[in-house]
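Quick mapping for you: the protein sequence lines, in order, are chains A and B.
Mapping of the first sequence onto our numbering: residues 1 to 153, in sequence order.
Mapping of the second sequence onto our numbering: residues 1001 to 1188, in sequence order.
Since the hints were made in silico from the structure, they are not lab data.
Please note: incorrect hints may appear among the correct ones.
No more than 30 Å apart at the CA atoms, straight line, and that leaves these computed lysine-lysine pairs for DSSO-like [stated by the list, open to error]: (1) A/Lys139 / B/Lys1085; (2) B/Lys1056 / B/Lys1101; (3) B/Lys1087 / B/Lys1101; (4) B/Lys1085 / B/Lys1101; (5) A/Lys148 / B/Lys1087; (6) B/Lys1159 / B/Lys1056; (7) A/Lys139 / B/Lys1087; (8) A/Lys139 / A/Lys82; (9) B/Lys1159 / B/Lys1101; (10) A/Lys139 / A/Lys84; (11) A/Lys148 / B/Lys1085.
Selected chain A positions facing chain B (in silico; Cβ < 7 Å) [what the hints assert, rightly or not]: (12) Pro136; (13) Ile147; (14) Arg149.
Beta-carbon label-pair distances, calculated as ranges [to be verified]: (15) A/Gly119 / B/Arg1143: 45 to 55 Å; (16) A/Gly33 / B/Glu1145: 55 to 65 Å; (17) B/Tyr1117 / A/Met127: 17 to 27 Å; (18) B/Glu1145 / A/Met127: 30 to 40 Å.
C-beta: ideal position from N, C-alpha, C; glycine also.
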Amino acid sequence: MNHEELRARLADLSPVLSPLFSLEFGDAVLGIGRDALLETARELHALGFDRLGMVTAVDRDEFFVMVYRLQSRSMSTAIFVKTKVPRDDTHIDSLCDIWPAANWQEREVFDLFGITFDGHPDLRRIMLPDDFEGHPLRKDYDNPNVIKRPDYI
Amino acid sequence: MALVDRIGAGLAANGGGVILTSVDALADWSRGQSLWAFPMGTACCAMELIAASFNKFDFDRLGTFPRSDPRHTDVIILAGTITDKMKPAVQRLYDQMPDPKWVVAMGNCTVSGGIFYYDTYSVVRGADEFLPVDVYIAGCPPRPESLQDGILQLRELVKAESIAPGKRRERTYSLPGGPEASEGGDGE
Chain A
1 MNHEELRARL
11 ADLSPVLSPL
21 FSLEFGDAVL
31 GIGRDALLET
41 ARELHALGFD
51 RLGMVTAVDR
61 DEFFVMVYRL
71 QSRSMSTAIF
81 VKTKVPRDDT
91 HIDSLCDIWP
101 AANWQEREVF
111 DLFGITFDGH
121 PDLRRIMLPD
131 DFEGHPLRKD
141 YDNPNVIKRP
151 DYI
Chain B
1001 MALVDRIGAG
1011 LAANGGGVIL
1021 TSVDALADWS
1031 RGQSLWAFPM
1041 GTACCAMELI
1051 AASFNKFDFD
1061 RLGTFPRSDP
1071 RHTDVIILAG
1081 TITDKMKPAV
1091 QRLYDQMPDP
1101 KWVVAMGNCT
1111 VSGGIFYYDT
1121 YSVVRGADEF
1131 LPVDVYIAGC
1141 PPRPESLQDG
1151 ILQLRELVKA
1161 ESIAPGKRRE
1171 RTYSLPGGPE
1181 ASEGGDGE
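Based on the provided sequences and hints, a complete structural model is requested.
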């Protein structure tokens, strides 16, 4: 299924989702609001996106962008779902109930970015030690034990 | 205390020089010729460690072959980056090894942290922060030949051990690059 067919399918499914569809660097992207995430995810799952390929986040200084890559085996296509999370309120709904694969990936995002997933069954650190302080992939992360690379040039 | 330690202490206390020297030579020879290794492969250096064990490089001809149980081994080969989270596990496996035991740090990451020395929040900067390392092997990763050279150097170390407590034997260097070679020798 190409992007135009996917756009038409989304238009059939929901008049709300269709205008949020866009193409970024040749990839289908659905940019949605934070409150609509869970509902949208359910709709997309019902549409046939049965696999959650990737969960990650991007630090854009003023806000975080949550990025989900959904894949569909029946339609042979994939779509990115992007959501802004404000920096002063890093809460977002967990997608574990829809795709169990979200469990560990959301733990990783929590570990490295400090985004809290509401409704996650087991939100602990996954890669760093349990007593680690801070979330190192944030741009304002500062750790006195890190040795800065000197500027040679 | 093991029986061999009691023999050593007794011989040293009673001044049994000739016998102690002979027993030391036998014990060190047998220890040094069959250093069973625990392959602590935590990152990509483990690939070279695995390659060293198989037929092209054939570590077994040096008497060194991997055992997956630390309780069977004499030397732990630390191959790969050790993260803060992995550190307790490495420490525990080292603690499970019976004495006498030796540590080989294979690769830049276990020598000093390597490329993870700067700007890293999760990596131990060198295995010698928490383990007594005997032999350092530089490289990213070291070739199996380097690892074999490291084991041969470790064998020289082992042959300098004494079963008497607190005593060291005179260290002999049979490898190129020992102190004699670096100081120019006696001109032969």
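Comparing the hints with the structure gives:
{"no.": "1", "hint": "A/Lys139 / B/Lys1085", "verdict": "holds (23 Å)"}
{"no.": "2", "hint": "B/Lys1056 / B/Lys1101", "verdict": "holds (27 Å)"}
{"no.": "3", "hint": "B/Lys1087 / B/Lys1101", "verdict": "holds (18 Å)"}
{"no.": "4", "hint": "B/Lys1085 / B/Lys1101", "verdict": "holds (24 Å)"}
{"no.": "5", "hint": "A/Lys148 / B/Lys1087", "verdict": "holds (22 Å)"}
{"no.": "6", "hint": "B/Lys1159 / B/Lys1056", "verdict": "holds (27 Å)"}
{"no.": "7", "hint": "A/Lys139 / B/Lys1087", "verdict": "holds (27 Å)"}
{"no.": "8", "hint": "A/Lys139 / A/Lys82", "verdict": "holds (19 Å)"}
{"no.": "9", "hint": "B/Lys1159 / B/Lys1101", "verdict": "holds (13 Å)"}
{"no.": "10", "hint": "A/Lys139 / A/Lys84", "verdict": "holds (16 Å)"}
{"no.": "11", "hint": "A/Lys148 / B/Lys1085", "verdict": "holds (21 Å)"}
{"no.": "12", "hint": "Pro136", "verdict": "holds (5 Å)"}
{"no.": "13", "hint": "Ile147", "verdict": "holds (5 Å)"}
{"no.": "14", "hint": "Arg149", "verdict": "holds (4 Å)"}
{"no.": "15", "hint": "A/Gly119 / B/Arg1143: 45 to 55 Å", "verdict": "holds (51 Å)"}
{"no.": "16", "hint": "A/Gly33 / B/Glu1145: 55 to 65 Å", "verdict": "holds (60 Å)"}
{"no.": "17", "hint": "B/Tyr1117 / A/Met127: 17 to 27 Å", "verdict": "holds (20 Å)"}
{"no.": "18", "hint": "B/Glu1145 / A/Met127: 30 to 40 Å", "verdict": "holds (34 Å)"}
Hint check: no violations occur; every hint is consistent with the structure.
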